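Let the hints inform the model, and build the full structure from the sequences given.
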Amino acid sequence: MTVFEYAPAPESRSIVTLRSHYGLFVDGEFTDGGGTPLKTVNPATEEVLGEVAVGTDADVDRAVRAARKAFTRVWGPMRPADRGKYLFRIARLLQERAREFAVLETLDNGKPITESRDVDVPLAAAHFFYHAGWADKLEHAGLGPAPRPLGVAGQVIPWNFPLLMLAWKVAPALAAGNTVVLKPAETTPLTALLFAEVCQQADLPPGVVNIVTGAGDTGRAVVEHADVDKVAFTGSTEVGKQIARSVAGTRKSLTLELGGKAANIVFDDAPIDQAVEGVVRGIFFNQGHVCCAGSRLLVQESVHDELVASLQRRIGTLRVGDPLDKNTDVGAINSPEQLARIRELVGIGEAEGAQVWQPDGELPERGNWFKPTVFTDVTPAHRIARDEVFGPVLSVLTFRTPDEAVAKANNTTYGLSAGIWSEKGSRILAVADQLRAGVVWANTFNQFDPTSPFGGYKQSGYGREGGRTGLRAYLKES
Amino acid sequence: MTHVLDPTAPGRPVAPGAPDAFADVTRSDAAFRAFLHGLPGVDQVGAEARAAQLGTRSIKTTAKAWAIDTAISMVDLTTLEGADTPGRVRSLAAKARRPDPADGSCPQVAAVCVYGDLAGVARDALAGTGIHTAAVATAFPSGRASREVKLADVRDAVAGGADEIDMVIDRGAFLSGRYLDVFDEVVAVKEACGDAHLKVILETGELRTYDAVRRASWLAMLAGGDFIKTSTGKVSPAATLPVCLVMLEAVRDFRAATGTQVGVKPAGGIRTTKDAIKHLVMINEVAGPDWLDPVWFRFGASSLLDDLLLQRQKLRTGHYSGPDHVSVV
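Chains Z and F, in that order, give the protein sequences.
Residue numbering for the first sequence follows the numbering used here, beginning at 1 and increasing consecutively.
Residue numbering for the second sequence follows the numbering used here, beginning at 1 and increasing consecutively.
None of these hints come from the bench; they were simulated from the model.
Quantities reported herein were computed from a predicted structural model and do not represent experimental measurements.
Don't be surprised by glycine CBs; every beta carbon is placed ideally from N, CA and C.
Keep in mind that a hint or two might mislead.
Calculated pairs, DSS-like style, for lysine-lysine (alpha carbon to alpha carbon, straight line, at most 25 angstroms) [what the hints assert, rightly or not]: (1) K85/Z / K69/Z; (2) K424/Z / K408/Z; (3) K60/F / K326/Z; (4) K64/F / K326/Z; (5) K326/Z / K314/F; (6) K326/Z / K274/F; (7) K64/F / K274/F.
Now the in silico label distances, taken between C-beta atoms and shown as ranges [claimed, not checked]: (8) F448/Z / T61/F: 42 to 50 angstroms; (9) V3/Z / G104/F: 21 to 29 angstroms; (10) K241/Z / T61/F: 46 to 54 angstroms; (11) P101/F / Q200/Z: 55 to 63 angstroms; (12) Q53/F / S236/Z: 28 to 36 angstroms; (13) E350/Z / S28/F: 48 to 56 angstroms; (14) D227/Z / T61/F: 55 to 63 angstroms; (15) D118/Z / G259/F: 33 to 41 angstroms; (16) R147/F / T379/Z: 43 to 51 angstroms; (17) S452/Z / V187/F: 49 to 57 angstroms; (18) R33/F / S452/Z: 33 to 41 angstroms; (19) Q53/F / D136/Z: 36 to 44 angstroms; (20) Y320/F / P10/Z: 23 to 31 angstroms.
Below is the structure:
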């Protein structure tokens, strides 16, 4: 048998200039933070990329004051068309500096360069372009003839799509006329700080965007600050609940985009080869660090064996390793903490009697790595069928009838997304109608677009991001 | 019901010598139609996305050098023009033997592909090289002739010296649902081929849908085709990556189900090294490395070889030469 070995094809990191120290971005300037700086690490190599300032309560207060001043004096009163011009400018700058953003995102997060290059950065730019167009058309948002911005938005985002989640938060907020104080995740702050440079480059008025780095305490300071009008959070359900509690009883409005345990339902009349691709993309995209990941495969019993065999063959071709290599499909796990969490749940899955399968192949010695993993013989009672793993771990369950598929798919405390695979259009529509999930994909998975609202049911949170519906989170009716 | 397994995949080995699971599906028109229509559908958007994704693999340095040589060894160097002459065929044969006159380490191609009346000329010019002589037959490219004429065409080409026959299926019959007619014709052609290998051209540009491509692939394999081939090169679109993807899935599934390995030949429209490498990546990751061999994969092409040679020279010398550094035919 001939072996076609792909030679290493690393993306050059020379386009990125790393600094030894990164400050907070407040009122248009980079400044030191009051806290003890954090180190941000490349999860694929354990190399320290730089020291990042940590914002204290006082730093957050400065940022909120700057945002308030900018809202009252500059951004709020600005002609909507002019706000749109700034957003278009930011979008173009993101495109111009796309390679720099992609490489930096991959260094800081561990995701494959193909994903940061082809998904994260282009989608982030697309969100700014889309919302730039809305800036002077808000009277068509369905919120009355002259909807008004809320004021200062405090936004806390996760580490799985650092730049893209920033774009999902910042673009609609600014388009609607709000100003923002954004807290990136502690393990992935670098692209947000590069975005701050883009704001400077675009001559965005000082204080419109403020970025305060740090860990949980900094995030709490942002959420609990008395002069914040709106809180938007994407992250774990556990932290989301804490935020909901702390916001309760205040005037702040709140949107939460939390965890998920999505069902990817494959019927026996599915386009099998494409379903296999969709299942792989659904759970191994971004190492499974995706809140809407298709982590529960529900497959009709009549095609279970062949689907699992095809899936295993396909997973055997996934290339796990150096995220900067342009042929890598699965990169590094973002942090040792997340890796420990994945290992713990996989251990529980094995202990509960599910059959674990992983492909052959070696993992790199340094860094945080976990092999693509498939559990079969999983039942709805297993922890790995109920808890969000947030890693490259798929649980395979079976069903016999469409009713059973719907019942099992909905049997979760989450409700963010779901997938349906069938060549029968009427079945897709009937099943989608019964699924309690914010996004239902048909014969595809993990497709994102700024025009399409995204958000959850139940413990996956509330509020929508993207599309006309998403503007609602940043506007009040006139 | 008919999606089948890879015997090498864990858990479901297929015993060698297992009875042919599909022996009776051609017992009647109704049975054959039910079988072909029961093959899993192909989602167009998903198949095209997968093909595009495989096209983004980055094949550099040593991998590229290996891929270029492998691709050269898979070329069916083709001339199918009304103006073909014995002289042109001999010139093509000379190029097939020694694609790069300046570099003896360059592999020779797999076959020379001509019209049937020139098969003897090609055969003589290629004697002793191991390069095969392929001839198109069965009223190529339209296939619009009676079965007697088509079979005579095949016998004539084989008698003339062809060791590979590239036939066209009756697309009219296929599209009107007369699958058994098409099947019977392939069986008859296979018989007329004798020892010659049979490549079955589906003319996917006329079948239009990926579902039809999958059905035609299974039909051709069940009828005994040694290769399934995308196109004549006379219809646009000819070979595309998603079509090749569907056909590679078909041969992979067919081997898993029957133990019989069938080759794949995309033809027409593949002109650049980049395109050829995308196909090699697709073979590697879809059908598997077993197909990375001229016995199981061919490129039907004429101008592709020149680009492969130019890229090969570039890798060796570090600079691009030019069209005068490859021989014209």
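Now for the hints, and whether the structure bears them out:
1. Among the hinted pairs, K85/Z with K69/Z is consistent with the structure: their alpha-carbon atoms are about 21 angstroms apart, no more than 25 angstroms.
2. Straight-line distance between C-alpha atoms of K424/Z and K408/Z comes to about 20 angstroms, which keeps the hinted pair within the 25 angstroms bound.
3. For a cut-off of 25 angstroms, the pair hint linking K60/F to K326/Z stands: about 11 angstroms separates their Cα positions.
4. Of the pairs offered as hints, the one joining K64/F and K326/Z holds, with about 14 angstroms between alpha carbons and a cut-off of 25 angstroms not exceeded.
5. The straight-line distance between the Cα atoms of K326/Z and K314/F is roughly 22 angstroms, inside the 25 angstroms bound, and the hint therefore holds.
6. Restraint check for K326/Z and K274/F: the C-alpha separation of about 16 angstroms stays at or below 25 angstroms, so the hint holds.
7. As the CA atoms of K64/F and K274/F are separated by approximately 10 angstroms, the hinted pair is consistent with the 25 angstroms bound.
8. Hint check: F448/Z to T61/F, Cβ distance near 34 angstroms, so the stated range 42 to 50 angstroms is violated.
9. Between V3/Z and G104/F, the C-beta spacing of about 25 angstroms keeps the proposed range 21 to 29 angstroms intact.
10. Distance hint check: the CB atoms of K241/Z and T61/F are about 52 angstroms apart, consistent with the given range 46 to 54 angstroms.
11. Taking the beta carbon of each, P101/F and Q200/Z are about 60 angstroms apart, inside 55 to 63 angstroms as hinted.
12. Judged by the Cβ atoms, the range 28 to 36 angstroms given for Q53/F and S236/Z holds: they are separated by roughly 30 angstroms.
13. Our hint of 48 to 56 angstroms for E350/Z and S28/F holds, since their Cβ atoms are close to 50 angstroms apart.
14. Under the hint 55 to 63 angstroms, the C-beta atoms of D227/Z and T61/F, about 57 angstroms apart, fit the expected range.
15. A C-beta distance of roughly 39 angstroms is found between D118/Z and G259/F, which places it inside the suggested range of 33 to 41 angstroms.
16. The supplied range of 43 to 51 angstroms is broken by R147/F and T379/Z, whose beta-carbon atoms lie about 58 angstroms from each other.
17. The beta-carbon spacing between S452/Z and V187/F, approximately 51 angstroms, falls within the hinted interval of 49 to 57 angstroms.
18. The given range of 33 to 41 angstroms is respected by R33/F and S452/Z, whose C-beta atoms sit roughly 40 angstroms from each other.
19. One distance hint, 36 to 44 angstroms for the beta-carbon pair Q53/F and D136/Z, holds here, with the actual separation near 38 angstroms.
20. A C-beta distance of roughly 24 angstroms is found between Y320/F and P10/Z, which places it inside the suggested range of 23 to 31 angstroms.
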